[in-house]
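Peer 1: This is what each chain is made of:
Number of protein chains: 2
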Amino acid sequence: MSDGATPSKPNRRHDLPRGEAVYRALRRAIIEQALRPGDKLPEDVIGERFGVSRTIVRGVLGRLHAEGLVELKLNRGATVARPSLEEACDIFEVRRSLERDVVRRLVGRVTPRQIALLEAHVAREGEARARGAAESIRLAGEFHILLAELSGNAVIARYINELVSRCSLILALYGRPHSPDCAVNEHLEIVAALRSGDAGKAIAVMEHHLDAVTERALLASARTPQRDIRAILDAYAP
Amino acid sequence: MSDGATPSKPNRRHDLPRGEAVYRALRRAIIEQALRPGDKLPEDVIGERFGVSRTIVRGVLGRLHAEGLVELKLNRGATVARPSLEEACDIFEVRRSLERDVVRRLVGRVTPRQIALLEAHVAREGEARARGAAESIRLAGEFHILLAELSGNAVIARYINELVSRCSLILALYGRPHSPDCAVNEHLEIVAALRSGDAGKAIAVMEHHLDAVTERALLASARTPQRDIRAILDAYAP
DNA sequence: AAGGCAGTAATTGTATACAATTATAGATCA
DNA sequence: TGATCTATAATTGTATACAATTACTGCCTT
Numbered sequence: 082m083s084d085g086a087t088p089s090k091p092n093r094r095h096d097l098p099r100g101e102a103v104y105r106a107l108r109r110a111i112i113e114q115a116l117r118p119g120d121k122l123p124e125d126v127i128g129e130r131f132g133v134s135r136t137i138v139r140g141v142l143g144r145l146h147a148e149g150l151v152e153l154k155l156n157r158g159a160t161v162a163r164p165s166l167e168e169a170c171d172i173f174e175v176r177r178s179l180e181r182d183v184v185r186r187l188v189g190r191v192t193p194r195q196i197a198l199l200e201a202h203v204a205r206e207g208e209a210r211a212r213g214a215a216e217s218i219r220l221a222g223e224f225h226i227l228l229a230e231l232s233g234n235a236v237i238a239r240y241i242n243e244l245v246s247r248c249s250l251i252l253a254l255y256g257r258p259h260s261p262d263c264a265v266n267e268h269l270e271i272v273a274a275l276r277s278g279d280a281g282k283a284i285a286v287m288e289h290h291l292d293a294v295t296e297r298a299l300l301a302s303a304r305t306p307q308r309d310i311r312a313i314l315d316a317y318a319p
Numbered sequence: 082m083s084d085g086a087t088p089s090k091p092n093r094r095h096d097l098p099r100g101e102a103v104y105r106a107l108r109r110a111i112i113e114q115a116l117r118p119g120d121k122l123p124e125d126v127i128g129e130r131f132g133v134s135r136t137i138v139r140g141v142l143g144r145l146h147a148e149g150l151v152e153l154k155l156n157r158g159a160t161v162a163r164p165s166l167e168e169a170c171d172i173f174e175v176r177r178s179l180e181r182d183v184v185r186r187l188v189g190r191v192t193p194r195q196i197a198l199l200e201a202h203v204a205r206e207g208e209a210r211a212r213g214a215a216e217s218i219r220l221a222g223e224f225h226i227l228l229a230e231l232s233g234n235a236v237i238a239r240y241i242n243e244l245v246s247r248c249s250l251i252l253a254l255y256g257r258p259h260s261p262d263c264a265v266n267e268h269l270e271i272v273a274a275l276r277s278g279d280a281g282k283a284i285a286v287m288e289h290h291l292d293a294v295t296e297r298a299l300l301a302s303a304r305t306p307q308r309d310i311r312a313i314l315d316a317y318a319p
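Quick note, the sequences are listed as chains A and B, same order.
Remember, my numbering sits 81 above the position in the first sequence when you count from 1.
Remember, my numbering sits 81 above the position in the second sequence when you count from 1.
Simulated from the structure, these hints should not be mistaken for lab results.
Hints may be right or wrong, so weigh each one.
Since copy identity is lost for identical chains, a pair holds within one copy or between any two.
[As the list claims (entries may be wrong)] In silico SDA-like links for lysine to any residue, alpha-carbon gap of 20 Å or less: (1) 282 / 144; (2) 154 / 98; (3) 121 / 147; (4) 154 / 136; (5) 121 / 266; (6) 154 / 102; (7) 154 / 120; (8) 282 / 192; (9) 282 / 242; (10) 121 / 152; (11) 121 / 156; (12) 121 / 134; (13) 121 / 106; (14) 154 / 101; (15) 154 / 119.
With the sequences and hints as input, model every part of the structure.
Peer 2: Here is the structure:
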């Protein structure tokens, strides 16, 4: 494989801890559902593809495991995580709590500059809708992450980031295929409510939105509870 | 150093992924404040002490970093984390949200078996109070962790675990030295309120307790805002 | 032909070796 | 004396080598 992976700059002082690029790439691939829940993540393959050693890959997989995006089984390697339906419910429940706090913190304190940021993001969501589902899914999630970051509480931001990312997995497992979990207009409503300064309304709008998101994400769960063969055969056997 | 570290069983199939013991030991040492915020954590020293290679230690430190207990600086190694005052406030704010949810979930649904578990734990807290501060601090935190686990939401449990652990760091930095952050009788009140089945009261008791915890943890923050030399010299310079 | 079993290949877990960076100590010079 | 620079030591970042476990293929047995 020689040097195909790092051609441009032979040995420029790497500003980032070597594995950062691998981390971001894997994370994005998972969130955009290019890597689907259950997919195997062999250390050799990933390492060769990015031109790093297994040491680095292993660190990245551990980090993704800590964030709940990857499962690690002893001596059996890493796979993209497959959250159970129960975990999915837990995740949405915590999201509701924390995102309520986000709105509560932002309302009345949000600056015009921040509103502009949010509106710009929603605009990008609108543009991306034509370009494909993968990017839409990612941007929809990033709206909630941006909101959490603007709230000014770093702990909430980190947790929301984790939870929203894992919602991509849930959507891939239990939702309608290739549909983003958030509607652009619902995001616009949230921004509008924040700007209005009406705390009660803003919270209500956010909760309504999260109800809708939950609904969409768990929609197909009645049809395909798991990727379970027995459940599928039930429809064909007498 | 030969074989002093792993004497009893030469090569028995290690049930646990090699680093688990190191992780637990370091975690406990940090939580019990044997390792204090800012203390250096050299890979060599830790590895030799536990009879594992730096590879393992590095993985453990990364994991502790993901949990917010350890800081990693590029090329400068790991230190026990020193949460800023702002981070401390963020942490307590999220704790309030999540622990309110815990109580809300438990109240009315808690079984006698679970009540017994909680009471047994509080009893151990009482016994430990005589034995020393370190164990008391840990047990006080573990009461909240147990509560979160009993709530049945695994995500909440994981986050509470993280947040409560980090509170040990906050207490070490800004609180009165060597004092546990929770009073045993306050924990008893929480259990009593849960058993009563009165949701409003249970939530109120928990919030009151968390207020008190926050108060105690951030008490000394006026006296020693940081381990900052300038602030100390202010009292002596004209 | 189906199932089980051995031997081999592939993959992961851990340790060590090497490279790069940072910290330390000693020497030099003003 | 004090500061700066340099050489050396200590520590971290990364890659590779080896050991252990798991997966697979083909053969053998019934």
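Peer 1: The structure should be examined with respect to each hint, and the outcome stated for every one.
Peer 2: Okay, the hints, checked on the actual structure:
1. 282 / 144: neither (38 Å within a copy, 40 Å between copies)
2. 154 / 98: between (26 Å within a copy, 10 Å between copies)
3. 121 / 147: within (17 Å within a copy, 23 Å between copies)
4. 154 / 136: Both: 17 Å inside a copy, 19 Å across copies.
5. 121 / 266: Classified as neither: same-chain Cα gap 36 Å, cross-chain 50 Å, threshold 20 Å.
6. 154 / 102: Between copies only: 18 Å across, 24 Å inside.
7. 154 / 120: Classified as within; 13 Å inside a copy, 33 Å across copies.
8. 282 / 192: within (18 Å within a copy, 37 Å between copies)
9. 282 / 242: For residue 282 and residue 242, neither the intra-copy (24 Å) nor the inter-copy (33 Å) Cα distance is at most 20 Å.
10. 121 / 152: Within one copy only: 10 Å inside a chain, 31 Å across chains, cut-off 20 Å.
11. 121 / 156: This pair counts as within: shortest intra-copy Cα distance 13 Å, inter-copy 32 Å.
12. 121 / 134: Classified as within; 18 Å inside a copy, 28 Å across copies.
13. 121 / 106: within (16 Å within a copy, 32 Å between copies)
14. 154 / 101: between (23 Å within a copy, 14 Å between copies)
15. 154 / 119: within (12 Å within a copy, 34 Å between copies)
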